[in-house]
Amino acid sequence: MRTALLVVLLAVFGPDPLVWAQQEGAAVPTEEAQASSKGKSDTEKPAQTSTPLHEEVVVTATRYEVDSSQTPLPISSLSQADLERLRPERLVDALKTMAGVEFTGEGPFRGLPIIRGLASNRILVLVDGERLNNARESTQFAGIQPGLVDLSAVERVEVLRGPASVLYGSDAIGGVINIITKQRPFTPGPLQLDGVASYEYGTSADANRARAELNGTGEKVAFHLGASWASVGNYQSPKGEVPNSGMDQNSADGSLRLLLGQSSVLNLNVESVNTRDVGFPGYDPVTSGIDISFPRFDRDKVGLTWQAGDLFGLDTVTLRSYVQKVVKESKRNIKMGPRFFSNNTTTSNIDSTGLSGQGSLVTGSHRLTFGADFVRDRIHDETVAESSFGSSNAVAVPDSTQTGLGVFLQDEISASQRLSLVGGLRADRYSFTSSDDPRYLGEPFDVQDSAVSGNLAARYAVTPHVQLTASVGRGFRAPNLQERSYTGLVSTGDTWVVQNPNLGPETSFNIDAGFKVRYDRYAGQFTVFRNAVDDFITFEFLGEDPNTGLMLSRFANIKAATLQGAEFELHAFLDPAWTAFGVASYTRGTDDSTGDPLPLIPPLKVVLGARYEHPRWWGELSTRIVARQDRIPPDTPADTYEETPGFTVFDLRAGTELGAGFHLQVAVDNLLDKAYHEPFNRRLESSRNVRTTVVYRF
Numbered sequence: 001m002r003t004a005l006l007v008v009l010l011a012v013f014g015p016d017p018l019v020w021a022q023q024e025g026a027a028v029p030t031e032e033a034q035a036s037s038k039g040k041s042d043t044e045k046p047a048q049t050s051t052p053l054h055e056e057v058v059v060t061a062t063r064y065e066v067d068s069s070q071t072p073l074p075i076s077s078l079s080q081a082d083l084e085r086l087r088p089e090r091l092v093d094a095l096k097t098m099a100g101v102e103f104t105g106e107g108p109f110r111g112l113p114i115i116r117g118l119a120s121n122r123i124l125v126l127v128d129g130e131r132l133n134n135a136r137e138s139t140q141f142a143g144i145q146p147g148l149v150d151l152s153a154v155e156r157v158e159v160l161r162g163p164a165s166v167l168y169g170s171d172a173i174g175g176v177i178n179i180i181t182k183q184r185p186f187t188p189g190p191l192q193l194d195g196v197a198s199y200e201y202g203t204s205a206d207a208n209r210a211r212a213e214l215n216g217t218g219e220k221v222a223f224h225l226g227a228s229w230a231s232v233g234n235y236q237s238p239k240g241e242v243p244n245s246g247m248d249q250n251s252a253d254g255s256l257r258l259l260l261g262q263s264s265v266l267n268l269n270v271e272s273v274n275t276r277d278v279g280f281p282g283y284d285p286v287t288s289g290i291d292i293s294f295p296r297f298d299r300d301k302v303g304l305t306w307q308a309g310d311l312f313g314l315d316t317v318t319l320r321s322y323v324q325k326v327v328k329e330s331k332r333n334i335k336m337g338p339r340f341f342s343n344n345t346t347t348s349n350i351d352s353t354g355l356s357g358q359g360s361l362v363t364g365s366h367r368l369t370f371g372a373d374f375v376r377d378r379i380h381d382e383t384v385a386e387s388s389f390g391s392s393n394a395v396a397v398p399d400s401t402q403t404g405l406g407v408f409l410q411d412e413i414s415a416s417q418r419l420s421l422v423g424g425l426r427a428d429r430y431s432f433t434s435s436d437d438p439r440y441l442g443e444p445f446d447v448q449d450s451a452v453s454g455n456l457a458a459r460y461a462v463t464p465h466v467q468l469t470a471s472v473g474r475g476f477r478a479p480n481l482q483e484r485s486y487t488g489l490v491s492t493g494d495t496w497v498v499q500n501p502n503l504g505p506e507t508s509f510n511i512d513a514g515f516k517v518r519y520d521r522y523a524g525q526f527t528v529f530r531n532a533v534d535d536f537i538t539f540e541f542l543g544e545d546p547n548t549g550l551m552l553s554r555f556a557n558i559k560a561a562t563l564q565g566a567e568f569e570l571h572a573f574l575d576p577a578w579t580a581f582g583v584a585s586y587t588r589g590t591d592d593s594t595g596d597p598l599p600l601i602p603p604l605k606v607v608l609g610a611r612y613e614h615p616r617w618w619g620e621l622s623t624r625i626v627a628r629q630d631r632i633p634p635d636t637p638a639d640t641y642e643e644t645p646g647f648t649v650f651d652l653r654a655g656t657e658l659g660a661g662f663h664l665q666v667a668v669d670n671l672l673d674k675a676y677h678e679p680f681n682r683r684l685e686s687s688r689n690v691r692t693t694v695v696y697r698f
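Using my numbering, the first residue of the sequence shown is number 1, and each one after it goes up by one.
Possibly wrong hints are sitting among the right ones.
Stated by the list, open to error - The calculated PhoX-like cross-link candidates involving lysine-lysine, where the alpha carbons are at most 25 angstroms apart (straight line), are:
#1 Lys182 - Lys220
#2 Lys325 - Lys182
#3 Lys239 - Lys674
Simulated from the structure, these hints should not be mistaken for lab results.
Note that the structure is predicted; figures quoted are calculated from it, not measured.
Using the sequences plus the hints, can you model the full thing?
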């Protein structure tokens, strides 16, 4: 069986016998060449090859730049060209085209990514390598919103599937999404200026989006300035308007890079995103009596990074710091009948600070990467609640602080010309402290926690173009302040949550195996995985309160779960003009204690597409095929689950150069006007949406 499988794989991915014979005589890169490549500064960019398929350089898998085919970990990326071609309205609209990635949430803002069946803060979202996750969001509530990052300010996105706690600490048990914003390179000669202005209109939601950028590049100075504006109305589904599904957003971003000496770079990065009136689609406040929204959801961040090469005996040194402020205003107003009403508005202020230091050293056949990360979140909530029974300013989460400190070491070993190994170890220490807040109905707490993570991965070069990969790793997620301290009603109004500050961490043990291929004209990867998660945190129901009639619950470590599946990606250059691509993934998740399916486990997905490129225009047709979701968990007092039918949707895109710096692009999403909803959503997705974009570059 195994021999037959190997024959099939070689038939699909291997060259013809003549080419194979020629390649067997080709030299495999030597250890010295590998070490020389690894010794480059993080700021250096490798030149593209002369073949149609150039290197895909990523940083998330290793915390330094490496060709994605040269790391044993399963990682995929969306380049700037991909993002410009897709022009997604939300990040998850692009991520859903990737293997192993799905999402939950509707509308132009809300969209929580899911990697291998794990969502929200079970995956880590980074912006330029710095945490977007915070201590106020949890798996059972709103979650970490990538919509807090302006997509038009993004240069590329990297998705690492599987635990990555050795490099990034808590939350990275399902994977890591690294959103990398735009920065300009240094160029020889005097300072040169260029810029971009664009406008997009979408028919389904009467959506208007505009963007302006100004960039400068020189020998020692480079900068980027950008500003965006979006106004999105309620979108139309094939069966009519979906109420409460719009938003307004404006943002500004900028970066300044200074070359200090021969190999030292200082980078200042600023982001500000202001979002208003984010609705929860489907709830019409006028007819339903339910008004759930984010009237305000803002994020401001300032980051400073210093990178240097050949310092203190090290090949590279990187120091990072950032401050980030998130302000989220949540509204939940419910009116039932002529007398009963319950209005609640909570404003959460989350102030985050992060510091990190990292060094790398190549010595002999080893490349060492080591460092320390520090992060602190401070939370302050304000609540105004009014109901038929009175008013209150009680908060569900007290004034509190979450602090984390981690140290890590990773060693990449060139064991031979064909075999490389990667081993890593990390130790983390966390503290969770609340103040004696008179507005909080629970008890003050001061809790300490710690965790140790490790991983081991291997890559074996069968030929210069075919790599076998395998990895084992342990990840963890420390329960955050939201889960430890939440005390109050959930949004349904029928369940009261009590605090549980002594929650233990979730842990995972993951095994990956597969292969990667890269030839001049096609590249791909195939991975199978098994992830065993212990001490899963979810709601534990304690029975009915005899005094209030409400169901009592709390966050608790009550589950062990197993997730397993397979992922496949392939990109092929058929000739100089035609490109084909395909993606397939399947995940199965089971509650080990009951045998029931886990929630948020995606069904089989296949993405297929072809693109034609002419010097002045291009066109692309793609389809996403999602199987029926009929393996669902039993209902709980907090959640109900429904089977969802399978669907096939088509998207068509095209672009052309108009001359004089103008570019026109048209995208038709849901080309056949299919009525469908995503497996984890209850509202129909948008009807046929024609998006027209005009771009001017100078």
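Hint check results:
1. Our distance criterion of 25 angstroms between C-alpha atoms is met by lysine 182 and lysine 220, whose separation comes to about 18 angstroms.
2. A C-alpha spacing of about 21 angstroms is found between lysine 325 and lysine 182, which places the hinted pair at or below 25 angstroms, so the restraint holds.
3. Taking the CA atoms of lysine 239 and lysine 674, the gap is near 10 angstroms; set against the 25 angstroms cutoff, the hint holds.
Violated hints are absent here; each numbered hint is respected by the structure.
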